[in-house]
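Colleague: Sequence:
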Amino acid sequence: FLFVQHWKRHVDQSLSGLLECYRNSLETGDGEFIGHAAHVFCKCAFAIGRPLPDLTEQLVAYREVLERFGQQRNLTDLSIMLQTALNLRSECSDPWILKGRYFDESPFLSGDPSAGIQEEIVNVFLHKFLLCFWFERYEEAMAHRHMAARFLNVTRGSFIFVMFHFYDSLVHLAMLRRGGLFPTRSC
Numbered sequence: 004f005l006f007v008q009h010w011k012r013h014v015d016q017s018l019s020g021l022l023e024c025y026r027n028s029l030e031t032g033d034g035e036f037i038g039h040a041a042h043v044f045c046k047c048a049f050a051i052g053r054p055l056p057d058l059t060e061q062l063v064a065y066r067e068v069l070e071r072f073g074q075q076r077n078l079t080d081l082s083i084m085l086q087t088a089l090n091l092r093s094e095c096s097d098p099w100i101l102k103g104r105y106f107d108e109s110p111f112l113s114g115d116p117s118a119g120i121q122e123e124i125v126n127v128f129l130h131k132f133l134l135c136f137w138f139e140r141y142e143e144a145m146a147h148r149h150m151a152a153r154f155l156n157v158t159r160g161s162f163i164f165v166m167f168h169f170y171d172s173l174v175h176l177a178m179l180r181r182g183g184l185f186p187t188r189s190c
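Per the working numbering: the sequence shown ends with 190, consecutive numbering throughout.
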């Protein structure tokens, strides 16, 4: 369910099934699938634009559960997403920088990215790419886009792969427009 439904239905229609997966995993004590279900649910909710206050509350709650079950990889991914949501809510001075209460990008940016866990690396650079795009920092968005693209194969099969390409198109269009290659019309 976790990796198939978003190809068959709109992502919004997958949320209830992901919550069911999460509840079933909680009942059976399957920490790994608790982590996967929470992670994919939050990614989907984030991608379809769930209200940030609600999403932030859910992310905090899921983080606590993942901490109890020792799901570090999914916990890191949720922390990246939670910091992104907080940045979008203007709870920091430089919202395109992932640094705050829940996540600090510095360790990921200071070393060799290929030495880390690829899923975490692509998540850091994808969220930085998105934040820079949303805050119209297109040149920085392109740099983060290139780093995310290096590790993008680990997202194949997930809707994140499609989301990356959607925003990749938008940032390229923004760069073309900024460079004067698209005529602007007044309406």
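In short, the hints are calculated from the structure, not lab data. Fair warning: there could be bad hints in the mix.
Beta-carbon label-pair distances, calculated as ranges [what the hints assert, rightly or not]:
(1) Asp-97 x Glu-23: 33 to 41 Å
(2) Val-165 x Glu-67: 27 to 35 Å
(3) His-13 x Glu-70: 28 to 36 Å
(4) Leu-29 x Leu-173: 19 to 27 Å
(5) Asn-27 x Ile-120: 37 to 45 Å
(6) Arg-181 x Arg-76: 30 to 38 Å
(7) Arg-181 x Ser-19: 21 to 29 Å
Yeah, the Cβ is synthetic: ideal placement off N, Cα and C, and Gly gets one too.
Colleague: If you check the beta carbons of His-13 and Glu-70, does the distance land in 28 to 36 Å?
Modeller: holds, 31 Å
Colleague: Is 27 to 35 Å a correct range for the gap between the Cβ atoms of Val-165 and Glu-67?
Modeller: holds, 30 Å
Colleague: Between the beta carbons of Arg-181 and Ser-19, is the distance compatible with 21 to 29 Å?
Modeller: violated, 41 Å
Colleague: Assuming the hint says 33 to 41 Å, is it satisfied by the Cβ distance from Asp-97 to Glu-23 or not?
Modeller: holds, 39 Å
Colleague: Range hint 19 to 27 Å: satisfied by the CB atoms of Leu-29 and Leu-173?
Modeller: About 37 Å separates the Cβ atoms of Leu-29 and Leu-173, which means 19 to 27 Å is violated.
Colleague: Does the beta carbon distance between Arg-181 and Arg-76 stay inside 30 to 38 Å, or does it fall outside?
Modeller: holds, 37 Å
Colleague: Go ahead and decide if the range 37 to 45 Å is satisfied by the Cβ distance of Asn-27 to Ile-120.
Modeller: Violated: the Cβ-Cβ distance is about 27 Å, outside 37 to 45 Å.
Checked against the numbered hints given earlier, the structure breaks hints 4, 5, 7 and satisfies all the rest.
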